Amino acid sequence: MTALDPALVTDWFAAHARDLPWRRPGFSAWGTLVSEFMLQQTQVARVVPILEDWLRRWPTPADLAAAPPAEVLRAWGRLGYPRRALALHACATAIAERHGNRVPEDVDELLALPGIGDYTARAIAVFAHGHRHPVVDTNVRRVVARAVQGVAQPAAPNARRDLPAMEALLPDDRAAQRAFNAGMMEIGAVVCTARAPRCDECPLGAVCAWRLAGYPPPDAPPARRKPRFEGSDRQLRGRVMAELRASDVPVGETELVAVVPDPGVRARILAGLERDGLAARDDDGWSLPS
DNA sequence: AACACGGGGTA
DNA sequence: TACCCAGTGTT
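Start counting the first sequence at 1; every next residue gets the next number (UniProt numbering).
Honestly, the hints are just simulated from the structure, not real lab data.
Any given hint could turn out to be false.
As the list claims (entries may be wrong) - For each label pair, taking beta carbons as the anchor points, the in silico distance ranges come out as: (1) Val257 to His99: 40 to 48 Å; (2) Pro216 to Glu71: 50 to 58 Å; (3) Ala15 to Ala194: 40 to 48 Å; (4) Ala45 to Val207: 26 to 34 Å; (5) Ala159 to Tyr81: 16 to 24 Å; (6) Arg18 to Gly117: 23 to 31 Å; (7) Ala206 to Arg74: 33 to 41 Å; (8) Val207 to Gly272: 45 to 53 Å; (9) Pro216 to Arg160: 24 to 32 Å; (10) Gly264 to His131: 45 to 53 Å; (11) Arg239 to His99: 34 to 42 Å; (12) Arg56 to Gln235: 28 to 36 Å; (13) Gly26 to Ala159: 25 to 33 Å; (14) Arg74 to Gly264: 46 to 54 Å.
Unchecked claim - Within a straight-line C-alpha distance of at most 25 Å, the following computed SDA-like cross-link-like pairs (lysine to any residue) qualify: (15) Lys226 to Leu39; (16) Lys226 to Arg195; (17) Lys226 to Leu236; (18) Lys226 to Asp172.
Values in this document were obtained by computation on a predicted structure and should not be read as measured data.
Note that CB positions come from ideal geometry on N, CA and C, so glycine has one too.
Produce the entire structure from the sequences given, and follow the hints as far as they go.
This is the structure in structure tokens:
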């Protein structure tokens, strides 16, 4: 394992970083938190417009905490995984009530908040507050696997290994570590992509262990069949949620039959949404939670 | 360790 | 049409 010169990453990032809202000077810690929640599951291009509307409407955690969940779910729209909108709302409530309406700086305090795990806690500590931590997402794991370890694909995610591996590469300097974390993610997102890496554009091209080794192929993945999306409960949940978002009044059984014809499946979908706090039933039908 | 969880994009 | 993307929480 050759040491990686951090300047290769930070210099490239300074010259090639995409212009994104959360990279603007003065972008708030709260804005960074909201952006990280949205980016957990959704591509940059889909997040940007929703994020900007969201922050105009709810500029601080207390503003979001005061909003009814139904409005939060409508604003989340088609970003996907609507449970995360609820987690963000709960997170805002906790910050407003227990942290004086200020986004915590400490990783352990962040990890204790709803919807924040290993990645998001460190991303906020680093990008919102400038603290020094390894930030490891799937892009970083792929870049480290290739450039440092010389293998095509990273092993299964494991914080016990992944965090020390990134820590070992991280520069000490406060500004440089921030640019290094952001730069490694950016390289993974736009250059060292999973399927068709653009090695001729890569700032690590001259030192990449995988490239230098002649691009050894990945180990054969264990045969494992993936669930199809078409017709899945996931797809049906999404369609029911779209109906609820679109309606000002409770949605009755008749309309839901058109979305999920099978009575057993329909009952299962609605029970799941109710259990997750995404839908509520009253005498007139189903609504978003008030 | 495996699964559940949306929705859109690419080959 | 088939496959890919990706972090958190639960089991």
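For this session: Hints the structure violates: just list their numbers, smallest first.
Result: 3, 7, 14 and 18
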